[in-house]
Every structure is written in C-alpha cells, then in structure tokens.
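Chemist: The residues making up each chain are set out below.
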Amino acid sequence: MGCRIEDGGANNKMEEQIGKVRVVYIIVNAGHADEVTEIIRSAGAGGATIMNARGEGALHEVFMGITVDAEKEIILCVAPDKIADQVMSAVKERAGIKTPAHGVCFSMPVDRVVGMNLIPAKPTEKEEHNA
Amino acid sequence: MKNEEQQTQNNQNINQNNQNLSHKVYYLVIIAGRKQKNALLTMLTEVGAPLINTLYGRGTVKTGYLMNLLGIVSEENKVVITSVMTDVKTDTVMNTLVEKFGFDKPNTGIAFAVPVNGLSY
Numbered sequence: 534m535g536c537r538i539e540d541g542g543a544n545n546k547m548e549e550q551i552g553k554v555r556v557v558y559i560i561v562n563a564g565h566a567d568e569v570t571e572i573i574r575s576a577g578a579g580g581a582t583i584m585n586a587r588g589e590g591a592l593h594e595v596f597m598g599i600t601v602d603a604e605k606e607i608i609l610c611v612a613p614d615k616i617a618d619q620v621m622s623a624v625k626e627r628a629g630i631k632t633p634a635h636g637v638c639f640s641m642p643v644d645r646v647v648g649m650n651l652i653p654a655k656p657t658e659k660e661e662h663n664a
Numbered sequence: 203m204k205n206e207e208q209q210t211q212n213n214q215n216i217n218q219n220n221q222n223l224s225h226k227v228y229y230l231v232i233i234a235g236r237k238q239k240n241a242l243l244t245m246l247t248e249v250g251a252p253l254i255n256t257l258y259g260r261g262t263v264k265t266g267y268l269m270n271l272l273g274i275v276s277e278e279n280k281v282v283i284t285s286v287m288t289d290v291k292t293d294t295v296m297n298t299l300v301e302k303f304g305f306d307k308p309n310t311g312i313a314f315a316v317p318v319n320g321l322s323y
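So the sequences go chain by chain: P and D. Here the first sequence is numbered in the numbering used here, starting from 534 and rising by one per residue. Here the second sequence is numbered in the numbering used here, starting from 203 and rising by one per residue.
None of these hints come from the bench; they were simulated from the model. Be careful, since some hints might not be right.
Claimed, not checked - Quick look at which bits of chain P chain D covers, simulated, 3 or more residues with Cβ under 8 Å:
hint, segment
1, 592-605
2, 639-650
Claimed, not checked - Within a straight-line C-alpha distance of at most 27 Å, the following computed DSSO-like cross-link-like pairs (lysine-lysine) qualify:
hint, chain 1, residue 1, chain 2, residue 2
3, P, 605, P, 631
4, D, 239, D, 291
5, D, 226, P, 553
6, D, 226, P, 615
7, D, 239, P, 605
8, P, 615, D, 239
9, D, 307, D, 237
10, D, 291, P, 605
11, P, 553, D, 237
12, P, 553, D, 307
Unchecked claim - Take a look, some chain P residues computed to stay more than 10 Å from chain D by CB distance:
hint, residue
13, 556
14, 611
15, 625
16, 633
Built from N, CA and C at the ideal position, the CB exists for glycine as well.
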C-alpha cells in the first residue's frame, strides 16, 4: 500500500504513480551538509532540509567542566521508495562513515504526505535521445 | 525483588499499549517558512496536538540567476514543527494545512506523518 497524499484532489493519480514514500535522515559532521545535499540531488532527490544538532557518543567527554560534543548536521529528505534507496547508497558511497563527513543515514516509512510533488519530471526528447 | 516485579508489570503494560497502538499514532513533521511558525503553532494547539516541538532548519532550494535578481526566492530559513498525534488528528491537521495554509501549492511547506509503533509516558 502506498502513502496517502493530501493534495486537495488536484492529483489523485500521484499515489498510484509514486507508490511508497520514505523520509531519509542523514547525520553528518558539521560543514558537510552542502556536500551531502549535492550527493542526494544527484541521486534524484528534489530537495532537503538541514538542521543543526550535536552528537553524543557512548563516552561522555568533559573538558574542564565543559561537555565536549561533536557538532553535527541532520539532512532530512522525503522521497519515493526507489529514490530513497538510491539516496542511501549514494550517501554510503560518497559520504559514509569512513569519510570525513562520517555520514550515517536511516529511513522511515511515510504514511501521509502533503505539499510535495513527488512525481519525477518526464525526461525531455533530448535527454531521452542521450540516454 | 518487588522492583523487578514492578518493572515486569510496567514492561507488560507498555507492550500491551504498543499492541493496541498498531499504526494509530503518527509522528507528524511540518516544514514551512519561519514566518508561518506562530500561525502553525496556534493551529496545532487549537486541534489539541500534544508533544509539539519546534526546531529551526534551512532549505536547500536552488534559484536561477534571474529569479534571484527579481527577488522571487523562496524563504531559505525554515521551521520544523514535530508532534505525536492520533490518525484522526493527523487527518484534521493535514486538511487544515491544505485548506488554510495552501500546502498544496508549491513553495509553501510540506508535512508528512510517520507511523509510531511504540509509545511510553
């Protein structure tokens, strides 16, 4: 079953066309969000929202009475099932845990969504010819 | 020993609650321009949404040179409002977002609901 799309009845076929939708959360070291945004765009995602966060490991580090936290950024992206998979593998490959971005990502199923056109744009004749 | 029994009882209660949940509770995320923050929070409190949290974020929308020159740029600064609510309230909020906030139009905002399968309070 796909997710329910509240679009005011304007595009009732969208649900059939895109199927399941997922939200992908990507956690990276601060300063790498723009790089990851480019990666996810090239993987087919439309856009994303970036939030600042701080990471806390298993060891609680305190230096002179001040807690030392790792500065992180969270990139949130909603995409159809197929694109979410592509996004996750692209992030793993180019900004994964072994890279300076130290990217970790997870996805969750989305049951209802509003305000998004998730249907991929049809390729132009020129693009089709090049493909 | 008594503590262990209490703990077991609590765990059983949580499991029972979670079984009863079965996708009837959603984690709702609303992302919109920061100018809409107050209006959105008012709407959520009117609906009776519990556990409302507000975060700040920024969008990644790219605008063309001409659009930028003309000042037709969607707001970069965003507000991320999250809440946990029942499916009925989620539907109400989603409909309000379309009807009152025009979320069905581009560059206004987005909202999505993730099913919750565990809850304890």
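Chemist: So, for every hint listed, does it hold in this structure?
Modeler: Hint-by-hint comparison with the structure:
no. : hint          : result
1   : 592-605       : violated (count 0)
2   : 639-650       : holds (count 10)
3   : P/605 / P/631 : holds (16 Å)
4   : D/239 / D/291 : holds (19 Å)
5   : D/226 / P/553 : holds (18 Å)
6   : D/226 / P/615 : holds (26 Å)
7   : D/239 / P/605 : holds (24 Å)
8   : P/615 / D/239 : violated (32 Å)
9   : D/307 / D/237 : holds (17 Å)
10  : D/291 / P/605 : violated (33 Å)
11  : P/553 / D/237 : violated (31 Å)
12  : P/553 / D/307 : holds (22 Å)
13  : 556           : violated (6 Å)
14  : 611           : violated (6 Å)
15  : 625           : holds (20 Å)
16  : 633           : holds (20 Å)
When each numbered hint is compared with the structure, violations occur for hints 1, 8, 10, 11, 13, 14.
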